[in-house]
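Listed here are the chains, written in short residue letters.
2 protein chains.
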Amino acid sequence: MLTTSDHLHLRRAPLFAQMPGASVDRLVSAAHAQNLAARSLLFDQGEAAAFLYVILSGRVGLVGRGMRDHEMVVEFFGPGDVFIIPAVTLELPLLMAARVLDDARIVLIPAAHVRDMIARDHAFASAVVRELSRHWRLLVTQIKDLKLRRAPQRLAAHLLSLPRSRSGELHLLEERQLIAQRLGMTPESLSRAFADLKRLGVTARGKHIVIADPAGLERFAAIDGAP
Amino acid sequence: MLTTSDHLHLRRAPLFAQMPGASVDRLVSAAHAQNLAARSLLFDQGEAAAFLYVILSGRVGLVGRGMRDHEMVVEFFGPGDVFIIPAVTLELPLLMAARVLDDARIVLIPAAHVRDMIARDHAFASAVVRELSRHWRLLVTQIKDLKLRRAPQRLAAHLLSLPRSRSGELHLLEERQLIAQRLGMTPESLSRAFADLKRLGVTARGKHIVIADPAGLERFAAIDGAP
Chain B
1 MLTTSDHLHL RRAPLFAQMP GASVDRLVSA AHAQNLAARS LLFDQGEAAA
51 FLYVILSGRV GLVGRGMRDH EMVVEFFGPG DVFIIPAVTL ELPLLMAARV
101 LDDARIVLIP AAHVRDMIAR DHAFASAVVR ELSRHWRLLV TQIKDLKLRR
151 APQRLAAHLL SLPRSRSGEL HLLEERQLIA QRLGMTPESL SRAFADLKRL
201 GVTARGKHIV IADPAGLERF AAIDGAP
Chain E
1 MLTTSDHLHL RRAPLFAQMP GASVDRLVSA AHAQNLAARS LLFDQGEAAA
51 FLYVILSGRV GLVGRGMRDH EMVVEFFGPG DVFIIPAVTL ELPLLMAARV
101 LDDARIVLIP AAHVRDMIAR DHAFASAVVR ELSRHWRLLV TQIKDLKLRR
151 APQRLAAHLL SLPRSRSGEL HLLEERQLIA QRLGMTPESL SRAFADLKRL
201 GVTARGKHIV IADPAGLERF AAIDGAP
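Just so you know, the protein sequences line up as chains B and E, in that order. Using UniProt numbering, read the first sequence as starting at 1 and increasing by one per residue. Using UniProt numbering, read the second sequence as starting at 1 and increasing by one per residue.
Keep in mind the hints are simulated off the structure, nothing from the lab. A few of these clues could be false.
Label pairs and their calculated CB-CB ranges [unchecked claim]:
1) R120(B) / G78(E): 25 to 35 Å
2) A38(E) / P214(B): 37 to 47 Å
3) A112(E) / A22(B): 24 to 34 Å
4) R120(B) / R11(E): 21 to 31 Å
5) G78(E) / G46(B): 23 to 33 Å
6) L162(E) / L173(B): 32 to 42 Å
Please read all numbers here as calculations on a predicted model, not as lab measurements. Glycine included, each C-beta is placed from N, C-alpha and C at the ideal position.
Chain B extracted, bound-state conformation:
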């Protein structure tokens, strides 16, 4: 069962924010929540999708695995994010594994119940269209990032996407090795990219970053004027 606090957190997820309360209640009637420690494997690449997952707190990495167990992060997810709708709706094998990066509380909704809800509840189906559309644009943005930006520009765009203080301070949310994977580069390329960004006023010490000139960094990272 979900606690009152779980329900409050769920309602903040974009997928549920615009859904009628009765639809959310029906959807989560079959759900349960789990506390999962960092390094837990929620599911593995190639498995069938047993659940739809909603992150209440903590962080999860969706990871693609290649030959000789070579892994790369496809995307990071945090509180309010929902995954993986396509494998649930199409009943196809999962294309990625999901690993907990920071201790997390996660709601699990059985996949068959989700498919049943899409078929029976028009408001939920419409909310899923919007959620998938937002995800789709994240993935297209990442493909443009990988194809159109050099490594230092990709790092600059990533740093600019993180919340920062008025004095330009921010904290990386993941280990550098995982950030390198998400940005499609080797750890060595990430180190070189940080070195390159020094001349643009970016100082880095571990996970602590300061951006001295955000406007200059945005010009450097720009794709067609849009960071």
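Since chain B is already given, all that's left is putting chain E on it; use the hints.
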């Protein structure tokens, strides 16, 4: 207005194949079809989405543009493919331009009508969930391809995805420069990748390709056993 032949082609598109006839009729009641020559620009990056597009024949490239008008193909689309649902549903600026690659006949459905149909027609909303889910998996597969495969493996996977005869012959559907963009490499890297694949039994003359040993090429291209 759409011709009888247009309707028949439309019904073969995966988005419409499982929809009730009445829903398809309502959706296309506001549509028109256009014959567009190669090199036509359907829409530009940054514009508002005015229409949902369905390709009846021909090919279209979705193109991301970077600084100094540097362009890269994000994805190719052909007969039966529908784009771009996310910009239509979310009313957000288009992330890519769409350029006709081969003379095409395309159905245009006004974006406001599509949004109205998602809100009013549950069967259509469910069909859009499945269509977006399929697209989402294409994009994730591409991101895994870009992050986990080296250039010759990406080319091998691309060649294996094209229809080929029992004798292993196939024809590239696009110009090599565009294929290089889709695969996230320079034209020079594509030439080197073709040279690399010679030792695996791939011979290439212009757009005409022969794969002598498909099983060997599949092993070479494999990500975790799945090409």
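Status of the hints after comparison with the structure:
Separation of R120(B) from G78(E) is about 34 Å and conforms to the stated range, judged on CB atoms against 25 to 35 Å. For the pair A38(E) and P214(B), the beta carbons lie near 42 Å from each other, so the given range of 37 to 47 Å is met. About 28 Å separates the C-beta atoms of A112(E) and A22(B), a value consistent with the hinted range of 24 to 34 Å. The hinted range of 21 to 31 Å is satisfied by R120(B) and R11(E), whose Cβ atoms lie roughly 26 Å apart.
Range check, G78(E) to G46(B): Cβ separation about 28 Å, and the 23 to 33 Å hint holds. Restraint check, L162(E) to L173(B): a C-beta distance of roughly 40 Å satisfies the suggested window 32 to 42 Å.
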